[in-house]
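What follows is each chain in one-letter form.
2 protein chains.
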Amino acid sequence: MHTLFVLLSMISVVIIGSGNVASHLFEAFKNNKEATVVQVVGRSEVSLSEYAKQVATASLDNITHNADVYILAVSDNAIPAVAKQFKLKDKLLVHTSGATSMDALKDHSKRGVFYPLQTFTKGKKVDFSSIALCLEAQEQTDLELLQQLANAISKKVYLMSSEQRKALHVAAIFASNFSNFMYAKAEEVCQEYQIPFEMLHPLILETAKKIEQLPPKEAQTGPARRGDITTLEAHKELIKNNTNKEIYSLISEAILHTYGKKL
Amino acid sequence: MHTLFVLLSMISVVIIGSGNVASHLFEAFKNNKEATVVQVVGRSEVSLSEYAKQVATASLDNITHNADVYILAVSDNAIPAVAKQFKLKDKLLVHTSGATSMDALKDHSKRGVFYPLQTFTKGKKVDFSSIALCLEAQEQTDLELLQQLANAISKKVYLMSSEQRKALHVAAIFASNFSNFMYAKAEEVCQEYQIPFEMLHPLILETAKKIEQLPPKEAQTGPARRGDITTLEAHKELIKNNTNKEIYSLISEAILHTYGKKL
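Chains as they are written, first to last, in the numbering used here: chain B, -4 to 258; chain U, -4 to 258.
Hints in this document: simulated from the structure, not taken from any laboratory. What you are looking at is a predicted structure, and each value in this text was computed from that prediction instead of being measured. Check the hints yourself; a few may be wrong.
Copies of the same chain look alike in the list, so a pair counts if it fits in one copy or across any two.
[Said to hold, decoys possible] For lysine-lysine, the following DSSO-like pairs were computed, each having C-alpha atoms within a straight-line distance of at most 27 Å:
hint, residue 1, residue 2
1, K257, K235
2, K48, K231
3, K205, K82
4, K119, K257
5, K204, K119
Let's have the full structure, built from the sequences with the hints guiding it.
In structure tokens form, the structure reads like this:
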């Protein structure tokens, strides 16, 4: 009987950061067969998972020199300062920001971007395999390494320019931040009339699922879509908060306009 | 051996209408043990399911006289006219509209409301058991019958006044119509930069699920939430469509204001 040993070379990763993106990335690489996190560099141990703490160090001075990829998962405005402190000039350094150009790392010839398009909540697990990962790199070989790394945790890997990624980030703000703000407005209206907001959960979920089958422009319903001015006016009377009244009017007018209806 | 026969009295229902709400209600009552649809009155047979056609009639003149509940599932502005044509004055007539007061049926002493809070798409099945049903009735015995009927198809049955229901409808417009409009804006930004909109599907779904665990006001993220003016300005530059640029600014300002951030 023969035993065959295969030597697999795993991609070794260092995560710099201890926030939401850092800890979710760490979890995504856990038990992965193609990549492994060898170190997490984070000022705040508190926010790291128990497992991540085992490989954690608090200072960039103690950073390991022999990893393949260094992922800078810090907040957008901290990127330049932390990148400046990163002294391993021959190592591939990537950031995870949608809004930041790759050239924010311009002092590093081996630079790139590893941007997961998702909203992360502390402590709430996400299925990384369905998250879109947007990659960019200055050098072709680095891009190939990033692709290999991304494919290890996600089925949806995209190569895009800094400009496209920034536009995608704007789109994500409409799709996620702004829709969440609409949920918040809905909750305020519910509170004004002692209605439990949970009633709206199934509707919110169904609305989000609908656009997987139908483009949002076709999925649009409601009084503004129908040009039902009577209902729009009645609704404005019902909303007690003046800012919310104004938002209701403005978005309704934009919908009326989109579908060629008149006020 | 004994055979025990139990006589169950099923609630018999007539659905007036052949649109989205009518056909989804019909499906919800199919194979139900406590209620049965004995007739569907609809001008348009085309839009009824194959099964519904078997009990369909095209005219209110042919309506059966011995049902327990008559559900008027027509568009809001058709309610007064169709209610006027409904001549069975001793029968319970309910409408299914969120935006319409119960008194739109004021010629009928036995009147009520049976409002399912959901967005219905033709041909797309929904799980009725998780849909909130909002009930109202002029007479107490009728309200009890409606509760029995609602409990037969949903686990979430609420009694509310016409005013509360109208407010809930406004909240639903923020939560569903307006969030969908934000998805449409996101798609437009994607199109401007040749980005596939499907990339945003997982993010949209996660955002919708998040508020089942966290109130939307706490779940809010993004540059406006952080008061990151530099990113907001850069984003406005990126958006090519002027209306979308304006919507981006207005909602961002509202978020900044909500969280005490300054422009």
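Against the structure, the hints:
{"no.": "1", "hint": "K257 - K235", "in the structure": "both (25 Å within a copy, 24 Å between copies)"}
{"no.": "2", "hint": "K48 - K231", "in the structure": "neither (52 Å within a copy, 40 Å between copies)"}
{"no.": "3", "hint": "K205 - K82", "in the structure": "neither (48 Å within a copy, 39 Å between copies)"}
{"no.": "4", "hint": "K119 - K257", "in the structure": "neither (44 Å within a copy, 30 Å between copies)"}
{"no.": "5", "hint": "K204 - K119", "in the structure": "both (20 Å within a copy, 11 Å between copies)"}
In this structure, the hints that do not hold are numbers 2, 3, 4, in rising order.
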